[in-house]
Amino acid sequence: MIKGIMKKIAGSRYAREVRRLAPLVDEINERYAVLEGLSDDEVRGKTQEFRDRIAEFTGEVVGEIEAMRKRKHAATDPDERESLGLDIGKLEEEYRDQLAEVLEEILPDAFAVVKEACRRLMGQEVVVTGHKLEWDMIPYDVQLIGATQLHRGRVAEMATGEGKTLVATMPLYLNALAGRGAHLVTVNSYLAQRDAEWMGAIYGFLGLTVDCIDLHDPGSPERRQAYHADITYGTNNEFGFDYLRDNMVHSLEQRVQRAHHYAIIDEVDSILIDEARTPLIISGPVTRDTSTPFKQMAPVVGALYRKQTRTVNRLVAEAVRGLDSEETGYESGEKLLAAKRGGPKNKRLMKLFADQPSVVKQVERVEADYLRDKRLHEIDEMLLFAMDEKGSNVHLSDAGLDELSPGDPQAFVVPDLSEVIGEIQEDESLAVDEKRARIAGLEEEYADKSQRMHVIHQLLKAYTLFHKDERYIIGENGQIVIVDEFTGRQMPGRRWSDGLHQAVEAKEGVEIRGETQTLATITIQNYFRMYDKLAGMTGTAETEETEFHQIYNLDVSVIPTNRPIARDDRDDLIFRTKREKYHALMDEIERLNRLELPVLVGTTNVEVSETISRMLKRRGVTHNVLNAKQHKRESEIVAEAGQPGAVTIATNMAGRGTDIKLGAGVTDPRTIDWAGGRELDPESVVATDPTRYEDLEGKPGDHLIEIGGLHILGSERHEARRIDRQLRGRAGRQGDPGASQFFLSLEDDLMRLFGGMERIANAMDRMGAEEGEVITHPLVTSSIGRAQKRVEGNNFEARKKLLDYDDVMNQQREVIYDLRLFALEGGEDLKGEIWEMVRHVMEAVFEDHLPDSALHEGIEVGGLRQRMLLDLHTVLPHVEDEDDPDDVDREEVLRVAEEAVEESFDRKIESLGEHSERVMSFVMLSTIDTKWKDHLYDLDHLKASIGFRGWGQKDPLVEYKKEAYEMFVSLMDDIRRTLTQQFFRVRLEQRPAMSFQPQRRLSYSGPSETHGSGMPTRASGRPAPGGRRPGAAGAREVDSMGIAASASGGSAGGAVGQPTDVRRLATNRGEARPKTPITGGKAPGRNAPCPCGSGRKYKKCCGALG
523 MIKGIMKKIA GSRYAREVRR LAPLVDEINE RYAVLEGLSD DEVRGKTQEF
573 RDRIAEFTGE VVGEIEAMRK RKHAATDPDE RESLGLDIGK LEEEYRDQLA
623 EVLEEILPDA FAVVKEACRR LMGQEVVVTG HKLEWDMIPY DVQLIGATQL
673 HRGRVAEMAT GEGKTLVATM PLYLNALAGR GAHLVTVNSY LAQRDAEWMG
723 AIYGFLGLTV DCIDLHDPGS PERRQAYHAD ITYGTNNEFG FDYLRDNMVH
773 SLEQRVQRAH HYAIIDEVDS ILIDEARTPL IISGPVTRDT STPFKQMAPV
823 VGALYRKQTR TVNRLVAEAV RGLDSEETGY ESGEKLLAAK RGGPKNKRLM
873 KLFADQPSVV KQVERVEADY LRDKRLHEID EMLLFAMDEK GSNVHLSDAG
923 LDELSPGDPQ AFVVPDLSEV IGEIQEDESL AVDEKRARIA GLEEEYADKS
973 QRMHVIHQLL KAYTLFHKDE RYIIGENGQI VIVDEFTGRQ MPGRRWSDGL
1023 HQAVEAKEGV EIRGETQTLA TITIQNYFRM YDKLAGMTGT AETEETEFHQ
1073 IYNLDVSVIP TNRPIARDDR DDLIFRTKRE KYHALMDEIE RLNRLELPVL
1123 VGTTNVEVSE TISRMLKRRG VTHNVLNAKQ HKRESEIVAE AGQPGAVTIA
1173 TNMAGRGTDI KLGAGVTDPR TIDWAGGREL DPESVVATDP TRYEDLEGKP
1223 GDHLIEIGGL HILGSERHEA RRIDRQLRGR AGRQGDPGAS QFFLSLEDDL
1273 MRLFGGMERI ANAMDRMGAE EGEVITHPLV TSSIGRAQKR VEGNNFEARK
1323 KLLDYDDVMN QQREVIYDLR LFALEGGEDL KGEIWEMVRH VMEAVFEDHL
1373 PDSALHEGIE VGGLRQRMLL DLHTVLPHVE DEDDPDDVDR EEVLRVAEEA
1423 VEESFDRKIE SLGEHSERVM SFVMLSTIDT KWKDHLYDLD HLKASIGFRG
1473 WGQKDPLVEY KKEAYEMFVS LMDDIRRTLT QQFFRVRLEQ RPAMSFQPQR
1523 RLSYSGPSET HGSGMPTRAS GRPAPGGRRP GAAGAREVDS MGIAASASGG
1573 SAGGAVGQPT DVRRLATNRG EARPKTPITG GKAPGRNAPC PCGSGRKYKK
1623 CCGALG
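Mapping the sequence shown onto our numbering, position 955 (from 1) lands on 1477, and the numbers just tick up by one.
There may be inaccurate statements among the hints.
As the list claims (entries may be wrong) - Once the Cα atoms are required to be at most 25 Å apart in a straight line, the calculated DSS-like pairs of lysine-lysine come out as:
1. Lys612 with Lys592
2. Lys817 with Lys990
3. Lys873 with Lys883
4. Lys592 with Lys1353
5. Lys829 with Lys990
6. Lys829 with Lys971
7. Lys1322 with Lys1483
8. Lys612 with Lys1055
9. Lys829 with Lys869
10. Lys1311 with Lys1322
11. Lys1322 with Lys1476
12. Lys594 with Lys1353
13. Lys990 with Lys1139
14. Lys990 with Lys873
15. Lys1323 with Lys1139
16. Lys883 with Lys896
17. Lys971 with Lys817
18. Lys612 with Lys594
19. Lys1484 with Lys1323
20. Lys829 with Lys867
21. Lys829 with Lys817
22. Lys1311 with Lys867
Claimed, not checked - If you anchor each label on the Cβ, the simulated ranges turn out as follows:
23. Phe1318 with Gly1223: 44 to 54 Å
24. Glu1158 with Arg1200: 22 to 32 Å
25. His1463 with Gln646: 13 to 23 Å
26. Val1032 with Thr1144: 29 to 39 Å
27. Gln646 with Val1032: 44 to 54 Å
28. His917 with Glu1488: 28 to 38 Å
In short, the hints are calculated from the structure, not lab data. The C-beta atom is built at its ideal place from N, Cα and C for all residues, glycine as well.
Generate the whole structure from the sequences, applying the supplied hints.
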């Protein structure tokens, strides 16, 4: 209450921020007025003037950093290198502080220069994606405010249509002056190319270079050049994949990115929130068959699912018969609770709950009793399996297990390996070979049963929780295509992780594609957190402010609109059942259609959009459908959506970047006179909403029946409030009139799971609501908003948990990638690093064979000599006394052995001659890549199974951190040992230069999706412990310069891997990317929809001429 009073007195925090920026805006405009008298060359010269000011302010610290880097590169002592590295880090932090200070000083002048450049471009033609467009933009004051917040590293919430594209030019120009690059990240390649060419007119006028990475092939010199432009545009996928590719190359020249200095993310909520659910993955195929188990078990699980459906129907029918009896009422509640856990979307059950709130209360009372007594599992025994929709999990009951394996009670009993193996090892009656054989058999049994349980679990989820036309569709090529729940768009190329995608494929009877293995991965969060300064733009950020701050340390600023919003956002209408809701929605669409107003009906999935379409067809209402199945007609459909009387049904419009252009007469108010002029009975088109219904008798001719503009009708609330806000935001742009309203029912998923359905149903009973009647009240709307907040909180925690786990891998990834950078840069730095690895292996060998004693006790010189020959490729000189071979001095052995290893190392370097640096780099990179790939494979399986530790009262995250650290220590030991072996065994052969050939076809995966808690529950097809990993690399490789490096001689450490030419790899993210800049070609017809997707006619959009 106090907070509300203060807000009324002092205004919101965002309003106060805007007021504080008013003096800065005035200062920019004053500087802008002065520039008008300068020539074009003088305005352009301001760019160099600003660069000189920056260089003067930061020059001293930049010089120190460069000098220190040269010293570090030449240093041979590891302690000195480490110390220099720390000093460089401190200096870089000082540089960032100085740069921020000088850019803040330059800001008013720089923004004024950009504004002046826009003014001087007015009326000029700019070629954008091959079409001529007249420049007609000069930044408003509110756009200057938005630009300032973007420069200061904040998320700017700006309503759609407020010119975010132009706003970004000012902070991009300012931050590009430092010469370290400035990035603009978009959601698709067309927008990246369009904005780079469109806004490039400003940058070019001011003497800056601009490029778009999506126009060039991955790994190509052109893409490298694009990153070295002053300002770089591109998609979030390509920025992230380029980072991963750069850490898979085998020469510095193949790297394309430079340091991550400054980035602005367009549609920041879509990229940092929605896309953050799943990581970027570069993967390759595995050699084992993973599809057969899904093919075998799909019919069995399908039969189980159908039997469960019959069971739930029976339970509901029995419960209904016993509800009215006092004797059987509680028992009916138990059966309905079982039905709710076994089939929560059962139509008869949902209607019963909606019609009789007292039944819901009875079921909740029964559930509370069983939870209190910890007997909920007894309810599940009525079923074959129970499901948790909120957690996206399914649990088999004992009856379900019996159904899957009749007559074999041990079919799914997994042995406790540690206990049983311990018993076998302690059994003195068994020979060593027998023990090994029994342990191997147990491990195989464990792997087989675990895999079978995993396959069944994933198939159950596919049948119960993942429904066609909601979560996915079957594409034209017969493959399962995931549908983005936030945007309604297809996401070709993406696959659910952990075998779930294969389970859905098996369920639908389409081709089951093989499992892939991760070769490189990073989450969206951890990629963008690498930037020194990050900012974002979107139309809906306020509701996600907590996540932006906690995860990315980004604060949100709401920027006011240039014109007041005139849209009427009406309270929700709530009905008991979906049938009643759809009937009312049809009536409202027909009413607005008769008033010749355009209507946009928002739906949450393909199935609902097609249901509404069928109902409209039966009523004879002409309409268009825009969903994942009709996406190819998007531009055409959007172009017609604002015409008088148009009806458009669209799955979530979030992220579509559409600007619905209103047709002639649409914004006119619909009055009694307007209706009379079209021979409409005004009473027949009056609002049916009880809060807005009125008797028109005696009203004047100018009395308003309905406001004009686009009308948004939502068929269901989305889990995320910002998606609803984005849907509402399609109407009322730039001061146009419009309206929005949502139609809900107690059977909607959000209401059923989170919305307090019982309380609303009771309220409807108290108000005496009959069938078909509606309830609408601000308190009900706010109650639904609270439900959405709870869902958003759950989703945020899931994303945060995913990030907590990836942070562990991220720390390891940074170490590995830093090590790769050592290898790529070469020099004494690399030589010193390899010598440190050799020393580490040498010390490990000594520790094994030379106990810490000055006496000869326990010293086996023969074993030491053999290990040194195997691991260090070094012959241990003769150290035994000829007269007394057992008299061996440990210190003497150590001294001689160390000298021998050091001599071997020096000889190897000398033998490689001028190629030594390149060979060291090659061996280190190959070893790191092979071992890192195997480590990622192990981490995937650890992450998949670690959740079960929670059953043992242990925190899975703590356990994961501990085991992942132990695995990383083992990885580093393995890298040192293998690298040492390969280095000493490598030999050179001069061969003709060869181009790289990829070892296997790699793929780029968007995000491998996770569900529920954000963590999969079990690994798919995990091999028996100790089994060989897929994809062993060959031992003989040829680099691009024609030097063949061959590592011969048996090595326990494994062979070095083959470098992969990233230019040969293709992305499977599913977006077609233009190969070259579009500079010409036949333009669309002037009345055709503009190809940019704005929804406007070509002649009114990108084809507009001066």
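Going straight from one Cα to the other, do lysine 829 and lysine 817 come out at no more than 25 Å?
holds, 20 Å
Check the hint pairing lysine 1311 with lysine 1322 against an upper bound of 25 Å on the C-alpha distance.
Satisfied, since the Cα-Cα distance of roughly 16 Å is no more than 25 Å.
With a cut-off of 25 Å on the C-alpha distance, tell me whether lysine 612 and lysine 594 pass.
Holds - the C-alpha atoms of lysine 594 and lysine 612 are around 15 Å apart, at most 25 Å.
Pair hint outcome, lysine 594 versus lysine 1353 [Cα-Cα no greater than 25 Å]:
holds, 13 Å
Does the alpha-carbon distance linking lysine 873 and lysine 883 stay inside the 25 Å limit?
holds, 15 Å
Taken at face value, is the distance from the CA of lysine 1476 to the CA of lysine 1322 at most 25 Å?
Roughly 19 Å separates the two Cα atoms, so the pair holds.
Keeping to a limit of 25 Å between CA atoms, is the pair of lysine 1322 and lysine 1483 held or broken?
Roughly 15 Å separates the two Cα atoms, so the pair holds.
Could one say that the CB atoms of valine 1032 and threonine 1144 fall in the range 29 to 39 Å?
For threonine 1144 against valine 1032, whose Cβ atoms are near 35 Å apart, the range 29 to 39 Å holds.
So if I understand the rule, the pair passes when the alpha-carbon distance is 25 Å or less; does lysine 1323 with lysine 1139 pass?
violated, 46 Å
Taking the Cβ atom of glutamate 1158 and the Cβ atom of arginine 1200, is their distance within the range 22 to 32 Å?
holds, 28 Å
Keeping to a limit of 25 Å between CA atoms, is the pair of lysine 829 and lysine 971 held or broken?
Holds: lysine 829 and lysine 971 sit about 24 Å apart, inside 25 Å.
Keeping to a limit of 25 Å between CA atoms, is the pair of lysine 612 and lysine 1055 held or broken?
With Cα atoms ~17 Å apart, lysine 612 and lysine 1055 stay inside 25 Å; holds.
Violation of the numbered hints given earlier is confined to hints 15 and 25; the remaining hints are satisfied by the structure.
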